[in-house]
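Protein chains: 2
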Amino acid sequence: MARYVVTGAAGFIGSAVVDRLLAEQNEVVGVDNFSTGQPRFLEAAQQNPRFTLHRRDLLEAEALTPILSPDVAVVFHLAASADVRFGPERPRRDLEQSTIVTSNVLESMRKTGARRIVFSSTGSVYGEAPLFPTPETCPFPIQTSLYGAGKLAAEGLIQAYAESFGLWATIFRFVYIVGERYQHGHVLDFAAQLARDPTRLRVLGDGTQRKSYLYVQDCIDAMTTALRAEGQKKVEIYNLGTDEIVTVNDSIDVICQELGVKPRREYTGGDRGWVGDNPMILLDCSKIRALGWRPRLTIREAVRATVRYLLENPWLFSVAAT
Amino acid sequence: MARYVVTGAAGFIGSAVVDRLLAEQNEVVGVDNFSTGQPRFLEAAQQNPRFTLHRRDLLEAEALTPILSPDVAVVFHLAASADVRFGPERPRRDLEQSTIVTSNVLESMRKTGARRIVFSSTGSVYGEAPLFPTPETCPFPIQTSLYGAGKLAAEGLIQAYAESFGLWATIFRFVYIVGERYQHGHVLDFAAQLARDPTRLRVLGDGTQRKSYLYVQDCIDAMTTALRAEGQKKVEIYNLGTDEIVTVNDSIDVICQELGVKPRREYTGGDRGWVGDNPMILLDCSKIRALGWRPRLTIREAVRATVRYLLENPWLFSVAAT
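Protein chains in written order, with this note's numbering: chain A, 1 to 322; chain B, 1 to 322.
Wrong hints could be hidden among the right ones.
Just so you know, same-sequence chains aren't split out, so a pair can sit in one copy or run between any two.
List time: in silico SDA-like cross-link candidates among lysine to any residue, alpha-carbon distance up to 25 Å [unchecked claim]:
(1) K233 <-> M280
(2) K233 <-> P141
(3) K111 <-> T137
(4) K234 <-> G270
Think of the hints as simulated: they come from the structure by calculation, not from any bench.
For clarity, every value in this text was computed on a predicted model and none was experimentally measured.
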């Protein structure tokens, strides 16, 4: 039994990490400010005596310090502003929620002697990648979104702390993660639209944007696999995704099939859904695959599982609408 | 005649940019908080009716907004924490002075319609580069210093603003810049030590660290060359350095020769001068060279010019001691 701290514990991925760590008989301390986290996601965890929850805003510099100690095995730093699309409307949000919050977490670790951090970064740090599938060591990218820039800044801080203060860091660059407790992004947007009106569907862009998705439990398998790997360096970076790609239209096909609807699709046009949207994300995941990890669900299966979960949890449609 | 804004106007590079822009008959608005800037560096500029100076702390979010307007040709954002070595002692300083200050500058530009930014980044963003000479498109690096991480974060923000809000950006990754008004770094440290005691010299590391330097006027020539280039993309990134390399020991030879001293050299040992120090920096500058730019001084000539300047301005030794 080891002691873990999870920031963003009430979030989509955070709560799944909490559940997994508890299932593996660990002690887990969750931290969330509940700005986007859902108390319902922690209902199971709250029944577990090995789980403690702190409501904290990590934008406050010392918020995490009283919670950390040298015996914390890993800080899973998953608190973040989760949606890449709202960057231009709130330009400071990514700086605050990705960069400054991560700096605060690192400072608390430095002061308390907690030594190991896991960080959820994004394939968006590759901007418009010059090569596909994109490996972790691709040419130095140019940022195209505030979301990616905020994550890149956090990655850099974590790496510099590892070098300067002896931290160990594992950074994961995710594709879009879907599955149970998924609460933002286009699968939810489409399902919510179709729940309101099954006859028409508004689609940002032209529907040909190619995206990668990964099932949340496959994502967590990958993280635990990476943490158990032999011969780790102070900083390890892993792309996490599938080797497949689907278009937004493919994804809509699966959603419509699952919902049993045939809407008219209304495209806003252009090869980008929004400013900073990448027309294609496909990560080279051979580094994590070399450790023996494989995703268990295909992209279509993962989207299908997500739609089923949303149908069982229609309260998320109203969350999405806010 | 165009109107330029220079942040860090009283600094080493900033004041040289101010003087150059004034010499080219432009109107220049300088901004500095004088935390490390020197009023003496602006003595000539202050005599010029085309120069205005504002004392502002750019950590305050709206500090630059009243100064900017759509008719500003270029914002030279050169305000920064200039010394790579103090990162670990003041871990928040680079986040504040590089990342947050740059975010504030960008927000002021977005709000006022100022459209073009020049940013002074650093070869330190390459961390321990996997290839030499290191091109702008080298494999995605891992940060090794808080200084580099702060600059990388600022670069990412600038790039995302360019994509999101239509800014135009030219980012320069400097090697060590030396020359007139040089006021921090090892040429000054060594000269100051030898001014106090010409018989011994304490050297961080083993003296074999290989460094690149560039003469400040060559640096400014390169920036003006890049800004005049045809066919620029929204974001252009240029390495700025010479194609040579010298060891710290070579540099000491030049300094001692210029000062006419033969000190005993006392090495602290190891291949790094400080945590996060790179044993080698050598940038591939073929991109800027392709525009016709060449450095006029060799590294040794640049170090020599720096020592001569310091001998004429011994007041900088006391600045260095603080």
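(message) Tell me the hint numbers this structure goes against, listed in increasing order.
(response) Failing hint: just 3.
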